[in-house]
Amino acid sequence: MLSVAAVVGCVEPGGEVSDSTSETSSDTSSTGETDSDTDSDSDSDTSTGDSDSDTSSSTGDTETDSSTDESGDTESGESGESGESGESGESGESGESGESGESGESGESGESGESGETDTGEEPEGPCGWEPGRGIMTLLDEDTLTVSLLRNDAVTIELDTSLPAAADDAVLDLVMDTRGESLFVGVYDDLGGGVEHTRAHYRVYDRDTGAVVWEFADDVWEPEGRPPFVASDGRVAFFGYSPANESDNGYSRVLGPDGLVDHFVGVAVGPVMPDDWMAIEVGESYPRFRNVVTKQEAGIAHTIWADHIGTWLRSESLFIYLSSINGELHVVEQHANDVTLRPWPELEPYLFGDWTVSYLALRGHGHDVLVRVSNNDQHRWLHLAEDDTSNDVLMIPPQGHSATGCVTQPVVGTQGELFTVWRDAASANIWELVGPNDAWAPAELSLPVSQFAGLYLGMHEGTYWLTASETGSCPGVWDPPPMEALLGGSSQIMRPQDNAYVSLGYAAGLQIAPEGRCYARLGPSPDDPWVVEDLLGPETIEVPDLGTPSWIPND
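The UniProt record's numbering puts the first residue of the sequence shown at 1, with every later residue one more than the last.
Calculated from the structure, these hints are not laboratory results. Small disclaimer: the values here were computed from a predicted structure and weren't measured. It is possible that some hints are incorrect.
[Claimed, not checked] Per label pair, the in silico range of CB-to-CB distance:
(1) D248 with E142: 27 to 37 angstroms
(2) A403 with V339: 34 to 44 angstroms
(3) N337 with A403: 37 to 47 angstroms
(4) D392 with N326: 20 to 30 angstroms
(5) A403 with A306: 26 to 36 angstroms
(6) G400 with E142: 41 to 51 angstroms
(7) L394 with G327: 25 to 35 angstroms
(8) D392 with L172: 44 to 54 angstroms
(9) A403 with L145: 38 to 48 angstroms
(10) R380 with G180: 21 to 31 angstroms
[What the hints assert, rightly or not] Only pairs whose alpha carbons sit at most 20 angstroms apart, straight line, appear in this in silico SDA-like list of lysine to any residue:
(11) K295 with P274
(12) K295 with N337
(13) K295 with F264
For every residue, glycine included, the Cβ atom is placed at its ideal position computed from N, Cα and C.
Build the full structure now, drawing on both the sequences and the hints.
Below, the structure is given as structure tokens:
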């Protein structure tokens, strides 16, 4: 799901922002993906958002939106494919949906021999398709401030999150982020009030073994509390605080194996990329880029449409925005001085007329752009696919159907098709719109649902889920439902490209894994633990009660 950080004011091409205007206020926040950092936007939001939050899970609540999230999905009642997520893979036919449970079994890939290899000579495959012993989740206990690593062989490793030389009355807090092979935790004294309480300790761990790769102690600067960003190579960027800072400027810091890498005015809003450039915001959330090695900065290449119609794809330190260039509308993708222009002529009749953009979000791996344009009470959805084809959709239900009131935004599928939920008098189900000249048609992904009051539709990396709950904001009056319908609370998880289908008889909390093959679910009882299940195999992992689980993104 997209977390919104407003970009206020007009940023001219290449415009510089002096230190005197670079004051970073406490409300200039940038949320990364926590993913379960589900970041959600309201329908009326027109500001800059970020698309990695992520994580998508499902509670069956009213949908508002979900972002592109690279860390998996933890749905918080937002419809749309989450995350920071990308939806790759082919969309095949759904498995048999008339049965509860998986509708297709994965074929055997070879038996394991004594050497631990399969009979094909390949390394053995563990749960979720990763090699055995792969770190898959972090478990954060916010009460004890402990972090544990869960591997796909069910081994848990508690990480060292101590703060050496902390004051006796220290009030500890921590920030963390994960990406690729790195897991970062920064613990600090949040009491404030003087230099004796300015102390922080930063550690980057190996995601599989939990071993400390590097650590750094600081008694001058500490995290300000906003989410940090760990890069694929282990460098970490975060917004900092120091009582020694007597200026009006806010500063961010970048740390690495050799200590301090960079210290600059502005807010870190994305990780350092392999080219040493990262996303930052200065002043009143003006988007910019900084090279942490050369200390160069780059501004926005083109004027942002209406001053603020843009969003961060934070995992790539990429800013995506609308701009009118030589009288033509474009989606601009910019990372530092690397600028890609994507013409969108289908949007011009609206924005060059009396329509305005009332919502912008990213889908897929962040390169599917979805906007809602509005003119008084009229609304249309336009979708620019990754291949630059455009859909113009008026959300009008098929004859005899109506909207549910919960799922209000279309979900973008693996092939650029659009999905939503329509209902008739007796039940509701998923419908799809394949192309701009097609009509809505049943998607044949799921069983119908009925007698619900909350509904959530999501998609992540080719895995779709539909969660219905008995409480929510879209209760309805129902005729007798069809025999195959799921009544009240239910959860359906579908991966059509692998002919996999799972049905649960309750509204489950769900977290979808980064590649979409595995998911974590809560049981029907409040005391039930999280359980990780593989859509393509029989493996299950019961998650220990060591804190809130979050998938570790693999890139």
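Taking the hints in turn, this is what the structure says about them:
no.	hint	verdict
1	D248 with E142: 27 to 37 angstroms	32 angstroms, holds
2	A403 with V339: 34 to 44 angstroms	39 angstroms, holds
3	N337 with A403: 37 to 47 angstroms	44 angstroms, holds
4	D392 with N326: 20 to 30 angstroms	23 angstroms, holds
5	A403 with A306: 26 to 36 angstroms	28 angstroms, holds
6	G400 with E142: 41 to 51 angstroms	48 angstroms, holds
7	L394 with G327: 25 to 35 angstroms	26 angstroms, holds
8	D392 with L172: 44 to 54 angstroms	52 angstroms, holds
9	A403 with L145: 38 to 48 angstroms	44 angstroms, holds
10	R380 with G180: 21 to 31 angstroms	39 angstroms, violated
11	K295 with P274	15 angstroms, holds
12	K295 with N337	14 angstroms, holds
13	K295 with F264	9 angstroms, holds
Hint 10 from the earlier list is the only one contradicted by this structure; the remaining hints agree with it.
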